[in-house]
Amino acid sequence: MSPLFVILNYTAWFIFVYIAVVWLLVLLQRRPELYDRPDEPTPLPGVTVLIPAYNEEHHLADTIRSVLSLDYPKKSLSVIVINDCSTDTTGKIAEEFVKTGRVTVLHNKTNKGKAASLNYGIEQVTTELLVCIDADSTVDSKALRVMVGHFRDSTVGSVTPALNVMNKKNLLEKIQHAEYILNAFMRKMLAFLDAVHVTPGVFSVYRTDAIRKIGGFAEHNLTEDMEIALRLHDNGYKITNEFSACSYTVCPSRWSELFRQRIRWYRGAIRNSIQYRRMFFNPRYGNLGMFMMPLNFLSILAVFGLLGTLLWNITTDSIQAIWHLSLVNWDIWNMLFNPNLELMLFSLYSTPLLFGALGVGLAAYLLRTSFHITNKRQLVSRPIYLIYLVLFPLILMVFWAVALMLELLRAPARW
Amino acid sequence: MQREKQLNARLLVTALIIAALLFGAGLVAGFTISRERVSDLEEDVRDVIRDVQNFQLQFLFFDVLGDNATCPLLADTILSINQKSFQISEKLAVFESGSEIKDEATYTTLKQDYSRLLIGYWLLANKLQQACHSDVKTVIYFYENTCDLCADQAFVLNYLKQEYPDTVLIFTLDGRLEEASVKTIKEYYHVDSFPTLIIDGVPYPGFQSLETLKETIGLE
Chain A
1 MSPLFVILNY
11 TAWFIFVYIA
21 VVWLLVLLQR
31 RPELYDRPDE
41 PTPLPGVTVL
51 IPAYNEEHHL
61 ADTIRSVLSL
71 DYPKKSLSVI
81 VINDCSTDTT
91 GKIAEEFVKT
101 GRVTVLHNKT
111 NKGKAASLNY
121 GIEQVTTELL
131 VCIDADSTVD
141 SKALRVMVGH
151 FRDSTVGSVT
161 PALNVMNKKN
171 LLEKIQHAEY
181 ILNAFMRKML
191 AFLDAVHVTP
201 GVFSVYRTDA
211 IRKIGGFAEH
221 NLTEDMEIAL
231 RLHDNGYKIT
241 NEFSACSYTV
251 CPSRWSELFR
261 QRIRWYRGAI
271 RNSIQYRRMF
281 FNPRYGNLGM
291 FMMPLNFLSI
301 LAVFGLLGTL
311 LWNITTDSIQ
321 AIWHLSLVNW
331 DIWNMLFNPN
341 LELMLFSLYS
351 TPLLFGALGV
361 GLAAYLLRTS
371 FHITNKRQLV
381 SRPIYLIYLV
391 LFPLILMVFW
401 AVALMLELLR
411 APARW
Chain B
1001 MQREKQLNAR
1011 LLVTALIIAA
1021 LLFGAGLVAG
1031 FTISRERVSD
1041 LEEDVRDVIR
1051 DVQNFQLQFL
1061 FFDVLGDNAT
1071 CPLLADTILS
1081 INQKSFQISE
1091 KLAVFESGSE
1101 IKDEATYTTL
1111 KQDYSRLLIG
1121 YWLLANKLQQ
1131 ACHSDVKTVI
1141 YFYENTCDLC
1151 ADQAFVLNYL
1161 KQEYPDTVLI
1171 FTLDGRLEEA
1181 SVKTIKEYYH
1191 VDSFPTLIID
1201 GVPYPGFQSL
1211 ETLKETIGLE
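Those protein sequences? They're chains A and B, same order as listed.
Just so you know, the numbering used here puts 344 at position 344 of the first sequence, and the rest follows in order with no gaps.
To convert a position in the second sequence, counted from 1, into the numbering used here, add 1000.
Looking at chain B on its own, in the form it has when it is part of the complex (with noise of 0.2 Å):
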């Protein structure tokens, strides 16, 4: 008994086109997650910019408030600003791990705006340091994505900020990123592998350990 096997092959074809559609729409819409995730963290910046922009401006209060006035709130502006920019770093950092399709080029803009957000506010921190003599401590984090030990040093950090909030500042910066105050500063402190450390301005390249970095900076 030989004859033709039923074939349906149009319904075949028609659904594999249906199929190909829907999961376009698919990439589409996760395309499209991606790139609200970017605005989402753009406006983060944004908000903290206008934070340090803010606390710039309070360094003009020196000249007429004085420091027992003026050192309290520049403190307190610090930390909170401290506080947003820190979630920033978070979200970048699970938003690059993620397996999307990422907009590239309106990410690396990003990016690179925050590293100089990071980086302004690092040196405010710095002269609020000198001005006020407060024991706020700054760390920048210099990392790269195909490092082994930033990823542990990324989650020892996390835990020390956790454990310090009002006491340590760190600043995350991505030391392969194409711009010119990331580069200036690694050139300054000579960063060449990473992680690298920058505590309160000295450099210490490698992992550091809870215990060492509580040494280092002094704590408890």
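Here chain A stands alone, though its shape is the one from the complex (with noise of 0.2 Å):
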């Protein structure tokens, strides 16, 4: 085995054992805090949420109902659509609330995208506090109350939600599960280091005055949830997350969606940090720059590195697999029938596979944590939870490298 490998093995299995060892070490000093919410204030701040609307008209109206059911006084919660131009009938299901007197919708005369919408429906707004929703998702009835008690603190620019899958039918769907599971966790982990660098489009609430004093949304960027969250860090505020208030979401339920969700996502995050690189290894971020930035784009590579080498192995030996056949005329027979067991547990006993079989019980301690803490279920049998820790995020490495590849290319990008 070439050095380059072995080191490559190495220096990627500690990268993910530190920050493995990050999150642990946070949540034992910060687990008293975990279900802490800061207290109610009184009188309740007036809230508005924007959905932002293109072609949902199956999704909408469940959308804008489980808003409206929020547990909230009803002369401080209203609602702002922003139909984008739609094709479908989603501009008129809109209509239909506004006899409810809390419904406002604004029609965009031609399609905008989804931040430009945002920041139409923030000129309306005129209360303290707004909320982003997508118009797919929906959000528990008790998840306001307990989100705007953050903005007590007035460093507080934001406050992010816990979200969940709501489909969980197919394999891939509870993959997904999973991981919004496991990302719940993170980021209440990283809201403790003041950290968190997205603030998801599916009910993320904001302070209203933060969100105009920094100018808004980005509107041409492919992930603008979280470039709005790295400006408000750089504009000195604060994103806390809420454990307890609970949204949802819909998830691809095919590979293919996956893919393009992903590459948005994966472009927008390499986008998004070089934009903000000067945040890298910067104090002045905190944690944020000393911490998350650098070491989820060096987990990235390291990723990138032990696929990259696995790949490489996988085809190199198959290859040779294959001549070597040709060398004893195709007898594949005898091969497939005189396995020596002993051998193949003998070169089993080794160093790298006991650094991936580590790696990978850490990672299976944090998924089963990241349930427990969420008091979720699990939906599918263990060992099935512990391929998805291994083939998925190899997947996932095979999304960010065509999502980097496209970037370098310069390739154009669509939502």
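Fair warning: there could be bad hints in the mix.
Unchecked claim - Computed spacing ranges between beta-carbons, pair by pair:
id, chain 1, residue 1, chain 2, residue 2, range
1, A, TYR365, B, LYS1214, 49 to 59 Å
2, B, ILE1018, A, VAL398, 24 to 34 Å
3, B, ARG1050, A, PRO3, 32 to 42 Å
4, A, ILE332, B, ALA1131, 33 to 43 Å
5, B, LYS1214, A, ILE395, 37 to 47 Å
Just so you know, the hints here were simulated from the structure itself, not pulled from any lab data.
Every residue gets a Cβ at the ideal spot worked out from N, C-alpha and C, and that includes glycine.
Can you join these two chains into the complex? Each is in its own frame, and there are hints to help.
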């Protein structure tokens, strides 16, 4: 094995172990505060929920209803739907809700994209707080009440919820269910470190003043929810997380949809990281600059390295195996029926595999902790989640590689 | 709104130290595994050494029991030795190509011991061929770590061994090993490139395909 592979292997595992240890230390230190919540302010602040919608005729009504059912004084909660020039009945459906007296509908004359729609909506906001939610998502009725208390700290610019998936039927959806739960845990840990780098567009609450002050959402950005988070940090604001506030979004149910979604996310992340590169290893940006952003970046590199060398090894081994078979007249029979078990066991008992096992073990522990803390049900048996821990990251890394390539080639990006 | 961003320096550094410790523990564990594998191999080698000594002893039976009784006994013993020693060769190959930290000194000693064992065994096999006119064929396979065709040659020999377990005896020697007996044989047969096979005392430099081998050895 080349020394390069060995170094790459060990460095990658070190990075993961480090990140996992940070999470676990934060958890250890702040466990008592996990379910703490700031007291509700009296009176409860006014909140406007912005729902940008483009061709969401199947989901919009449920979203609006879910928002209107929030346990919050009716006079303090209003909704603005921004119809981004939909070609289906989205606009009509939105208009239906105007008669409730709590919903306003804005119509874009041309399709402007989510960020621009949000900014249009923000122009009409007069309340202290504003919330963004996707038109295909829903929210727990108790969510808003438990989130507003965070804003009593005047340095808080945004509060993030615990995001879950709505659809959990097929294998891919169940895998994402686990992923979102792990992310909810990590977001809580990040909140303890004030290093939350994304305010998900599914029921993140913002301080209206703060958003106005920093100039609203970035309109030509692939992932405006990450960009606004970084910009909030840049302007000195804190971003917190409310664990008990649950929102639900539809996740891709097919691999092709997942691919498109992740390519957009990852290209967006690459662009935002470049835009905010001055945060990397900059103590002025605290844990975000010294830990979250650099390690996020390094861990992607590490898995690239591992995946690359793994694929390289598999390819060269396969080529060699085929070549070898040709030398013995393709007698596969012999190979299949005389496996040398003792030899196989002997070759498995090795250091790289040991590190691999430790890494997976640590990740499994983190996943289990996430499930435990969020009190969510495991939908599939544990072995399947173990497969998720090993195979899914590899698949996502392939997506990262594609995203990186597309960025380097300056290919045009679509939402 | 300019304020210092939260930086838990102590936590981040503590995590670094813990991670380094965990990582170090992993490396130590890896090293231990490596050592255990070597001692596992050493035991296998000692096992075979005992068998070879037993084999040497059995040669003395010639004087007492004569050819007819002794030859079948010797033939049996040599085959069981070959099975075991071939397994050791394979394990060594796996170990050598593995990407872990090895204790170089112990490992080199093991290889030297093992090579001496193989050569002693090869010499006895030759004696057996002469004394009993057995149709056992001996193949010495000289390899080196960096040679391109050695993996191919090893694979073909492995296959041959599985096809003719009772007829072909294969002795795998690292041609670059610093060991007197290995060097002696190398010089005797003028081995200067790898892979080189010595089939029944005749050197064949370069890669030998399956067909060539079968022909040369006179099989099937």
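Okay, the hints, checked on the actual structure:
Take A:TYR365 and B:LYS1214: their Cβ atoms lie about 55 Å apart, and the range 49 to 59 Å holds. Evaluation of the 24 to 34 Å hint for B:ILE1018 and A:VAL398 yields a pass: the beta carbon distance comes to about 32 Å. In this structure the supplied range 32 to 42 Å holds for B:ARG1050 paired with A:PRO3, their Cβ-Cβ distance being about 38 Å. Evaluation of the 33 to 43 Å hint for A:ILE332 and B:ALA1131 yields a pass: the beta carbon distance comes to about 40 Å.
Against the hinted window of 37 to 47 Å, the Cβ-Cβ separation of B:LYS1214 and A:ILE395 comes to about 46 Å, which satisfies the hint.
Hint check: no violations occur; every hint is consistent with the structure.
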